[in-house]
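This is what each chain is made of:
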Amino acid sequence: MITRRELLGTSLAAAAAPVTAAQATAGDALSTTRILPPGVSSAAFDTALHEFEAAIGPDWVLSSEEDIHPYRDHFSMLKDQPDELRPSAAVCPATVEQVQAVVRIANRHRIPLYAISTGKNFAYGGPAPNLRGSVVVDLKRMNRILEVDEKRHTALVEPGVSYMDFYRHLQEHDLKVWVDTADVGWGGLMGNALERGCGYTMGPYRDHFSAHCGMEIVLPNGELMRTGMGALPGSRAWQDYKHGFGPDPSGLFAQGNFGIVVKMGFRLMPRPEHWRTGLITVPRRRDFIALVDTVNYLTDLFVIGEPLYSSPLTQLLGDGTFRKAAVDFDEATMDRIAAERKIHSWQVELQFYGSERTTLANWEWAQELIRRAVPDANCFDGESLKVPVTQAQIEENTRPYPAPYVSVMRRNVMHGVPKLYMWRSPGRTENDPDTWNETHIGLFSVIGRSAEAVFQAQKDFADVARKARAGTEYVSSLLAPLNWHQSCFLIGNSFFGTTTRNDNSPQGKIRQLKELQGILKLNAQAGYGDYRAPPILQDDVADQYSFNNHILRRFNETLKDAVDPNGILSPGRGGVWPKAHRKMRGRIRR
Amino acid sequence: MSRAALWMGTLSALVAGTALAQSLPSTGRGHVLFQQKCQPCHGTERSDQGHAMLPGTDALRLKYRGSLPAALEQRKDLTPVALWTFVRRGVGSMPPFRKSELSDADIADIAAWIAAASGNR
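Going down the list, the protein sequences come from chains A and B.
So that you can map any letter, position 389 of the first sequence is 389 in the numbering used here, and since no number is skipped, the others follow by simple counting.
So that you can map any letter, position 60 of the second sequence is 60 in the numbering used here, and since no number is skipped, the others follow by simple counting.
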């Protein structure tokens, strides 16, 4: 029998090898119990697997524990629990025809499927399904970049194309277009857009679903459909006009389960000649109103890319008097201390794309606008770089602004350069080198795009935190909004889990889940809804959108039952459950 | 049989029947795959915002604290099976990678390139 040492190889460092192997396998105990789709017998499942093998080849039907382990949610709060959302198998078709065959087989055997593209959506669930026992349809092998047009600024891609793949293609062919990339570049254009992901450049591009133009979809009955001008045989404008004629169902496929998208078109941002940044600060808390109004004006005239708001006053939270004022929303005291310390209350970093002269003119105009509204605002020149920037410029750490103001702008995403820099966030840290973040923590509520709405949300979230018994003092008066989507603000709301955040025991993870479920409910009572969620929380978020006795969900499920009568496509995704599995709604750890 | 023994037994059976054991790895192909799939997190270049290391390299620096190199391409101990284990099972904040992303042959090629790059031919 092979020994463990032999298996790992004699060259492994004697001390390190057992440690690394143990760590690699810790926490993901091998399951010897076969997971089956709900309501499907072992024999029927075997028959379906054989049919899948005949359709796409035996190498690409994966059902052993080793092969399907990577389809588990690495960051699940139910990891290794009996109700972890684990798949029963995975199939990896390479063509549209194979996807159609998989769907038809699944219909015959009532096998629930769960489609993924690159499967790297780790902030929101990774490759694991909403319904335990589903068969994952892994589209990563469909990874062709079918077209990039640098004159019309369009692209057509298959599901498995990652941002990194696409960027490499642009570089290799010297194509003068950008794709607005997600933070973590191993994700894919299609999957991120269908999750309504967002980015950092100009507004029309950083809302990734809105930047799509035309889809090809395998419907639940196996038929192939195209949206927009793709519905017109012979059209040469598929990626130019997304609406086509008549009702456009495109939106059903974002965070939805009405078909498997197998091609998707995108509008791309033309590569500008120049990139310029600048920082505006305003002294008083209430000056945020004029600041947001000014930035909204520039945003909606398409003068600036994503603006980055923050409060320099976070530097004062170590001051007990200031901290108490911030907790109590005592604006007069906050303003007095800020003035004494000569620190402005709010800042926004602006970025301008264009030529050297137009970016300068627009930056000067932005300064003029804010000084009309807030005469004692400060404006600081930032970077002024010819595009494309170099790798060294992307890594550059020079802070262009005088203390106490700092830049929080990450240059790679501002230039459409996909990287994995942000993967630092779940990892080990200097202060805590032996642990890492093992669970999903990213939840963001949609906020109206005004300072008044932000001020209200800050107070509402403080109330939510108190009700949720966060256990530690919660300072929300300095929370700054994110303007990832051009038309709205987002504010993160999963930080309430301060009491359980660092407890990665199985019980601690379940407490995190329950705490987040409670927060989502309280947020909804205060009028806030989230824009994304991992499968484990999608029913909770869908519950927030309950106007008129959940008419939106009832409407979607009426459509779902009509187009997917066997309920085989991604049951539960987006909170939409088909009749066949509707009893599973809300069954996750209530 | 313990869980670890069961898992290792399964792994050895798997390795015996795969490209890890059956074909000669290609260091050239492994280098290209390393650049595309591993280097963005585990390379030796700088990160942004003042971080001297990329996230994966920095994580291994913190994990090993000098007992092993932080950069994968300097590691002499990453046998194909050890690398397969980390890639397929995931470790720490690194999620597992699927066959559709990296085949067993891909992993063997990457391991061959790392061995060559680190001088552990």
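None of these hints come from the bench; they were simulated from the model.
These figures come from a predicted structure and were not determined experimentally.
Possibly wrong hints are sitting among the right ones.
Said to hold, decoys possible - Dumping the calculated BS3-like pairs for lysine-lysine here, alpha-carbon to alpha-carbon at most 30 Å:
#1 Lys459(A) x Lys514(A)
#2 Lys342(A) x Lys37(B)
#3 Lys151(A) x Lys514(A)
#4 Lys176(A) x Lys37(B)
#5 Lys514(A) x Lys583(A)
Stated by the list, open to error - Covered by chain B, according to a simulated footprint, are these stretches of chain A (three or more residues, beta-carbon under 8 Å):
#6 222-231
#7 235-245
#8 301-310
#9 425-433
No residue lacks a Cβ here, since even glycine has one placed at the ideal position from N, Cα and C.
Okay, the hints, checked on the actual structure:
no., hint, in the structure
1, Lys459(A) x Lys514(A), "holds (23 Å)"
2, Lys342(A) x Lys37(B), "violated (47 Å)"
3, Lys151(A) x Lys514(A), "violated (50 Å)"
4, Lys176(A) x Lys37(B), "holds (25 Å)"
5, Lys514(A) x Lys583(A), "holds (20 Å)"
6, 222-231, "violated (count 0)"
7, 235-245, "violated (count 0)"
8, 301-310, "violated (count 0)"
9, 425-433, "holds (count 6)"
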